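Produce the entire structure from the sequences given, and follow the hints as far as they go.
Counting in the numbering used here, the sequence shown runs from 1 upward without gaps.
For the record, the hints were derived by calculation from the structure and aren't laboratory data. Among these hints, one or two may not hold up.
Using C-beta positions, here's what the derived DEER-type ranges look like [said to hold, decoys possible]:
hint, residue 1, residue 2, range
1, 427, 210, 50 to 60 angstroms
2, 513, 552, 18 to 28 angstroms
3, 233, 543, 50 to 60 angstroms
4, 154, 405, 38 to 48 angstroms
5, 255, 513, 45 to 55 angstroms
6, 694, 400, 12 to 22 angstroms
7, 400, 126, 45 to 55 angstroms
No more than 20 angstroms apart at the CA atoms, straight line, and that leaves these computed lysine to any residue pairs for SDA-like [stated by the list, open to error]:
hint, residue 1, residue 2
8, 638, 672
9, 553, 478
10, 179, 683
11, 363, 326
12, 508, 478
13, 190, 207
14, 806, 775
15, 567, 683
16, 567, 544
17, 533, 672
18, 179, 234
19, 806, 553
20, 481, 496
21, 533, 523
This structure is a prediction, so every number in the text was calculated from the model and none was measured. Backbone N, C-alpha and C define an ideal beta-carbon position, used for all residues, glycine too.
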Amino acid sequence: MSKPFEKNDGNHPGSDSWDGDSRDLAPRENVARPALKPGGIAERARAAMGIAPPPAQKSYLDGLNPEQRDAVETIDGPLLVLAGAGTGKTRVLTARVAHILSQGRAYPSQILVVTFTNKAAREMKERIHGMVGDAVEGMPWLGTFHSIGVRILRRHYELVGLKAGFTILDTDDQIRLLKQLLTAEQIDEKRWPARMLASAIDGWKNRGLSPEHVPAGEGAAFAHGRGQPLYAAYQARLKALNAVDFGDLLLEGIRLFRENPDVLAEYHKRFKYLLVDEYQDTNVAQYLWLRLLAQGSRNVCCVGDDDQSIYGWRGAEVDNILRFESDFPGAKVIRLERNYRSTGHILGAAAHLIAFNEGRLGKTLFSEGDAGEKVSVTGAWDSGEEARAIGDEIEALQRASHPLSQIAILVRASFQMREFEDRFVTLGLNYRVIGGPRFYERAEIRDALAYLRCVISPADDLAFERIINVPKRGIGDASIKQLRDVARLDGVPLMEAARRLTESEELKPKLRSTLRGLLESFDRWRVQGETTKHNELAEIVLDESGYTDMWQKDRSAEAAGRLENLKELVRSMEPFESLSGFLEHISLVMDVAEGASEDAVQIMTLHSAKGLEFDTVFLPGWEEGLFPHQRALDEQGKAGLEEERRLAYVGITRARASARVYFASNRRIHGMWNSTVPSRFLDELPDGHVEVQESKGGYGWGGSTGGYGGNSYGNSRFDKAEPFSSSYATPGWQRAQNNRTESQSPRGGYGSARKGGAPMIEGTLIASSTGGASAYSRGERVFHIKFGYGEITGIDGNKLTVLFDKAGEKRVVDSFVEKV
1 MSKPFEKNDG NHPGSDSWDG DSRDLAPREN VARPALKPGG IAERARAAMG IAPPPAQKSY
61 LDGLNPEQRD AVETIDGPLL VLAGAGTGKT RVLTARVAHI LSQGRAYPSQ ILVVTFTNKA
121 AREMKERIHG MVGDAVEGMP WLGTFHSIGV RILRRHYELV GLKAGFTILD TDDQIRLLKQ
181 LLTAEQIDEK RWPARMLASA IDGWKNRGLS PEHVPAGEGA AFAHGRGQPL YAAYQARLKA
241 LNAVDFGDLL LEGIRLFREN PDVLAEYHKR FKYLLVDEYQ DTNVAQYLWL RLLAQGSRNV
301 CCVGDDDQSI YGWRGAEVDN ILRFESDFPG AKVIRLERNY RSTGHILGAA AHLIAFNEGR
361 LGKTLFSEGD AGEKVSVTGA WDSGEEARAI GDEIEALQRA SHPLSQIAIL VRASFQMREF
421 EDRFVTLGLN YRVIGGPRFY ERAEIRDALA YLRCVISPAD DLAFERIINV PKRGIGDASI
481 KQLRDVARLD GVPLMEAARR LTESEELKPK LRSTLRGLLE SFDRWRVQGE TTKHNELAEI
541 VLDESGYTDM WQKDRSAEAA GRLENLKELV RSMEPFESLS GFLEHISLVM DVAEGASEDA
601 VQIMTLHSAK GLEFDTVFLP GWEEGLFPHQ RALDEQGKAG LEEERRLAYV GITRARASAR
661 VYFASNRRIH GMWNSTVPSR FLDELPDGHV EVQESKGGYG WGGSTGGYGG NSYGNSRFDK
721 AEPFSSSYAT PGWQRAQNNR TESQSPRGGY GSARKGGAPM IEGTLIASST GGASAYSRGE
781 RVFHIKFGYG EITGIDGNKL TVLFDKAGEK RVVDSFVEKV
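Okay, here's the thing in structure tokens:
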């Protein structure tokens with residue numbers, strides 16, 4: 001143990017790196033470091049060195065509103081601070097720490113502050129430093145759940161069956177270890193992927209379940225009921241390797257406290273105050289870990305917003321914050337409702353929307369500033385029209401000197417981003433994708449493009465090397481090196497080198513057969529490309545190569561999104577005349593991406609936007625099935641719907657001055673055009689805070705009867721009659737406008753049941769008109785905005801039977817198609 005005047009070598013209880021015995025946990029009777037005396041010898045000596053005196057510290061209570069000040073000064077007993085969006089929760093947390101220290105209620109080392117991210121921890125530490133100075137350096141227990149969890153385990157490793165210096169496995173190491181276990185148990189990894197098992201184990205650990213506590217039957221979904229035994233084997237293997245994974249940092253901590261009351265008592269003695277940020281995002285394991293520690297002083301303060309709990313898909317339990325008062329009897333609840341971010345109309349719309357949720361403690365945000373502009377709601381004909389309209393609005397904002405960096409587009413699914421990216425490249429608008437790569441920079445998109453580049457150019461070595469073993473074909477680094485050597489010696493591309501090696505005996509028979517099959521596939525695809533449309537060829541390549549199947553079998557959380565992105569890639573090829581033209585376009589997109597400036601529109605998912613704010617926010621894709629997302633409704637029912645509504649609330653409250661909601665009546669999902677219904681969330685917005693804008697070519701939402709887009713929620717106030725218009729301005733659209741009849745639906749004849757009972761087929765109106773003969777002829781090629789390109793196979797008056805390339809045979813009115 002350090003002597004009182006020994007040099008601080010970073011190995012004592014006040015140091016971040018201290019790793020001593022747990023018996024040294026009692027706080028030392030040390031004296032807090034005093035501030036420099038103003039004008040004193042030390043300060044004058046520093047000035048002589050050219051060091052300016054520190055700025056005068058502002059009182060941590062200055063500028064707090066009554067509710068914030070109450071939350072800061074209430075430091076005895078359990079406290080729940082319900083902090084709505086933009087109400088200054090971080091300010092309250094940091095000021096509360098400063099208040100505890102300034103009142104002498106605890107030493108810095110006796111305060112536990114838990115955050116969710118390292119960034120949040122750093123920001124909090126900087127703010128506290130600005131309030132109390134260097135005292136914050138003595139706060140070793142300010143950090144994330146995992147960073148604090150590992151500190152505790154490092155001190156008590158032997159009590160949980162570990163040895164000194166244990167390692168923490170990352171995801172790749174975890175998958176590698178699970179693959180070894182599956183091989184040892186003779187389980188087919190292709191049928192039962194290691195990632196699927198890893199996801200199940202992670203879910204159990206998030207719920208605080210060790211192998212012996214997994215409920216009977218929960219492991220039945222993996223390898224015919226072998227999930228739980230494999231979990232047990234995995235944990236045993238971790239112990240043998242003297243290792244833990246991230247889930248163990250809390251799971252083992254829970255076991256440590258439960259099985260060693262004396263250790264838990266020591267931490268109860270050490271921590272006089274506990275503060276937890278983003279409490280609504282805690283999972284069961286984090287909740288149990290915190291509850292065990294909070295049983296000591298009971299001076300626990302949890303700050304969060306039940307209306308912003310949007311991470312249920314990764315284990316977060318909103319019930320943790322909802323039952324705080326029952327977990328801590330006598331707890332005080334303070335609501336922070338005064339918003340400093342958004343205008344009155346934005347807050348009014350968000351508050352009215354979230355009030356439809358039943359699982360909430362309840363609060364209503366308000367602003368003392370101007371009401372501002374109303375939340376706008378605009379319909380578009382399809383997702384392309386939506387992207388064009390938003391692009392036009394952003395250009396108008398830019399001309400009005402609105403910084404692009406203060407504009408955000410928040411989407412529900414990542415596949416929505418592609419059309420905005422393409423549109424912004426066309427317009428020359430700088431943009432940045434937050435929380436992930438740009439669409440064409442995603443790994444799955446780069447893989448798919450590499451396959452297509454190899455079809456076009458057999459000499460593209462970089463593309464061929466990228467996909468030669470994707471999906472895995474047993475072609476390892478040694479084999480690729482052999483291919484490179486042959487290519488270099490013979491002066492030929494890698495693909496030609498592979499062809500030559502398959503004709504020799506230098507490779508093993510199995511590898512020769514694999515390479516030969518791959519080369520034959522590329523030869524076949526090139527021949528097919530001469531007679532097959534390039535987007536259809538892309539589907540064939542991705543399917544026959546096994547690449548699509550690889551992601552279909554992948555059970556990770558990202559796999560579904562990657563498949564959606566691949567389908568969006570194929571869809572994006574349709575407007576181009578050829579595969580080479582499309583690939584040239586991609587080269588342009590990537591080149592523009594390299595030169596993007598700092599002032600750029602931000603594009604991200606709604607989940608990534610939490611905690612951020614912008615002057616203007618666009619919210620596209622508010623349609624049933626997309627938002628709320630159908631998967632959330634199918635898998636979680638009412639709980640899923642309420643989380644989706646919280647996500648909508650988060651999206652609206654990211655806006656300071658302007659929130660603009662969009663929806664489309666047609667959207668390409670999973671490679672197929674779908675007629676869509678406006679999101680139910682639109683009708684949950686209040687009339688007084690919303691302005692319905694003129695449609696951007698959108699129509700097709702009739703009443704609750706008939707037609708595609710029939711709304712099971714009844715008539716919507718957004719179903720107003722609007723002129724039939726479109727920025728496509730093609731001859732077909734002009735004919736459609738000229739030939740409209742009064743008997744068509746108010747929105748252009750595509751949405752609701754018509755008088756006289758005219759039939760609806762695949763969402764296309766089959767008119768009962770007695771018009772003259774059509775100007776079209778059999779065999780002519782035509783284009784339809786929904787069904788794409790096709791050939792006329794039959795004519796009945798002004799009704800055509802068209803065999804569409806993608807949609808099959810449909811009956812349509814001739815005014816809704818155009819010659820090509």
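Can you give the numbers of the hints that this structure goes against, from lowest to highest? 3, 7, 8, 9, 10, 13, 14, 15 and 19
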